[in-house]
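Peer 1: Okay, here's what each chain looks like letter by letter:
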Amino acid sequence: GQNIDQPTEMTATEGAIVQINCTYQTSGFNGLFWYQQHAGEAPTFLSYNVLDGLEEKGRFSSFLSRSKGYSYLLLKELQMKDSASYLCAVRDHGHSGYSTLTFGKGTMLLVSP
Amino acid sequence: GAVVSQHPSWVICKSGTSVKIECRSLDFQATTMFWYRQFPKQSLMLMATSNEGSKATYEQGVEKDKFLINHASLTLSTLTVTSAHPEDSSFYICSAREGASTDTQYFGPGTRLTVL
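Those protein sequence lines, which keep their order, are chains A and B. So the first sequence is residues 18 to 130, counted in the numbering used here. So the second sequence is residues 263 to 378, counted in the numbering used here.
Keep in mind that the hints were calculated from the coordinates and are not lab data. This structure is a prediction, so every number in the text was calculated from the model and none was measured. Relax, there's no trap hidden among the hints.
Cross-link-like lysine-lysine pairs, in silico, DSSO-like; alpha carbons within 30 Å at most:
#1 317/B - 122/A
#2 317/B - 328/B
#3 85/A - 303/B
#4 98/A - 74/A
Covered by chain B, according to a simulated footprint, are these stretches of chain A (three or more residues, beta-carbon under 8 Å):
#5 60-71
#6 118-126
Each residue gets a CB set at the ideal place from its N, CA and C atoms; glycine is no exception.
Generate the whole structure from the sequences, applying the supplied hints.
Peer 2: Okay, here's the thing in structure tokens:
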């Protein structure tokens, strides 16, 4: 099984930088994803890490350390529309040959003016 | 980008009836599709994984006879909730993956099911 931990809530102000951490434990690691989910909507893909290091994509960056079972999502120049839940999801090799994606409980980010 | 659609977007049904939810990949062929369920303020929980043309693999605790999954083509998977009960009311989300296990999953917009 997997154990994925991320903070429940975070607050930040418009224009600031925020880092959302995620720790995980898994037996067959095969990649880590970050998704953004606005209330009542499906998740949208933000980033994917499978090797150690930093992946940068515009205002969003994601970091992975496999040895530490640790990732973070960095959001720069925060905007009001960034208020959402951010889900850390870990893929493992699963059973029966299928890889499975397990989600953390999500971090609700509130961006204030 | 890859687009996944779901139909219907919301449905209200009476207890004891069956409801079918469709998931379609619009601009790519999805060899693997996933069905998730999300209760309010909780994370997504994987229900089952299906590959086109083969039986779905259900996660522990998910009743395969209650949640029927059919992945008959590379662009369509269906989830049928049989004999629905109020506790089945939830947000059902599908996702699709084009190829290898390293590919990104793309999510549908979700279907909100309310069972009265």
